[in-house]
Amino acid sequence: MGFREALDSGKFVVTAEIGPVKGTEVEGILENAQILKGRVDAINVTDLQSSVMRLGSMAVCHLLIDHGLEPIFQLTCRDRNRLALQSDLLSAWVLGIRNVLALTGDHPTLGDHPQAMPVFDLDSVSLLRVIRRLNEGLDMMGNQLKGSTDFFPGAVVNPGADSEAAFEMQIIKMEKKIMEGARFFQTQGVYDLDVFKKFMRRVEGFRVPVLAGIILLKSAGMARFMNKNVAGVFVPEPLIKKMEETKDKVKTSIQIAAGLVKGLKDLCQGVHIMAIGWEKRVPAVLEEAGL
Amino acid sequence: MIVFEQKPFEEILGYLVHDEKVFILRCKGCAKANQAGGEADVTEMKKKLEGRGIDITGSTIRGLLCVKAKSILSELNKDLVNTSSILVMACGLGVQSLAEVTDKVVHPACNSMPDRESMERGKREHRCGTCGDCVLEFTGGICPLTACSKGLLNGPCGGTSNGKCEVSKEMDCGWMLIYDRMKKLDRLGVLKSFLESKDYRKMQGPRRLIT
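Chains as they are written, first to last, in our numbering: chain H, 6 to 296; chain V, 65 to 275.
Excised from the complex, chain H in its bound form:
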């Protein structure tokens, strides 16, 4: 069963994430892919995450397909204008890529080439509109395509936005994304089930599947760093304490993640596990969560 079918079937869907290497050594990526094979419904491949120059998402998506995995092609508006975005979408389609996650992208000043020109010719909402048009056999200008795409487009939302304005704007933008064709959502990392429950209550009526983000905690330091520096991520103090006091960080991390997955089972349609280098631990999280 493919990713789209899995979501349609109503089963609790699991996606994971792979961040391409900075360079050309793809062995590690393929090793992780093999570990995730059969355990997840699809794997997101990030697009120069944190604006750090690295191997491209499209190439790694293609490698995953070659190895029998289903990728979700992450596509940001940071580095490509509308010509490049559309062309890359056509290229992705002919390489066998079927799922696309439309994103704004981090600002280049946050990455390792801060001098780069920020593009943002389109935004995530207009990118979704473009994907819809390509699916209809037309480009952004309405020109006819010789052969269309049939992408399954998704988008992201941040359920932990830290103020009323930020939260409400997330909901408004989510609605706009749905209007423009988003068929699924993946969220920023969730650590507080009450906050997430409140978010789900607001968006249930949209009837678009939501996969809650799970970021594996590697240490108390990482949790504190995220609380300070990652927008919309808030790790509650008791979890930080658990990571601080444990003698076996891996085991505790897996327990925390599995606990969250269990709690999320009744709240949303799936989870998106961001292991950030700990991809090998994902099967253990799923086992512990009873998936």
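Just so you know, these hints were derived from the structure itself, not from any lab.
Each hint can be trusted.
Stretch-level coverage of chain H by chain V, calculated; a stretch enters the list once three of its residues show a Cβ under 8 angstroms from a Cβ in chain V: (1) 112-124; (2) 129-141; (3) 177-186.
Quick list of simulated restraints, FRET-style, between CB atoms: (4) Asp-119/V <-> His-118/H: 40 to 46 angstroms; (5) Tyr-264/V <-> Leu-115/H: 20 to 26 angstroms; (6) Lys-266/V <-> Glu-36/H: 47 to 53 angstroms; (7) Asn-232/H <-> Gly-253/V: 32 to 38 angstroms; (8) Cys-192/V <-> Glu-30/H: 47 to 53 angstroms; (9) Leu-95/H <-> Arg-116/V: 54 to 60 angstroms.
Here a beta-carbon is modelled for each residue, glycine too, at the ideal position from N, C-alpha and C.
Place chain V on chain H using the hints.
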């Protein structure tokens, strides 16, 4: 008005070839640019270049180079007879205006840059992106093109934290300002409108505008 600052001295020196005869011309500058120094700048430059063996044929301060390049040049005709190049201490507009009217080599001594200080102080100059297709009707009179670091037209990215932009904690997230304003006006529903991507042709100067 264009703000400019002097290039690093070694870079300027690198422009000048052996036995080049250089005349230094500093633009009187617009009000703000003039704060940079004037006479002292020129004297200092002359001294430093001569100290490195460059033959300086003369120097002067005239203005405004951008609008009076031609008449300034004819006034200086005599002084430029034994000169092979002109080192211009002016903004990019001044350098180009002079290059247009002389056959001598023109060296820029300065870098022109966005006037960040008055952008911050008055917030006036950079509030309008002159995009040719105003959307302020839909955003509570706050422009998302200039108030958002990414110029996003359809809502904030996920980088908003404590009402600030992911680029800098000192900078407000433009979309939070837009939300607050629209809430006050009881027009939040308008934020659901889809705003079309910009026609970049309308944002270009005449050279790049082909219609």
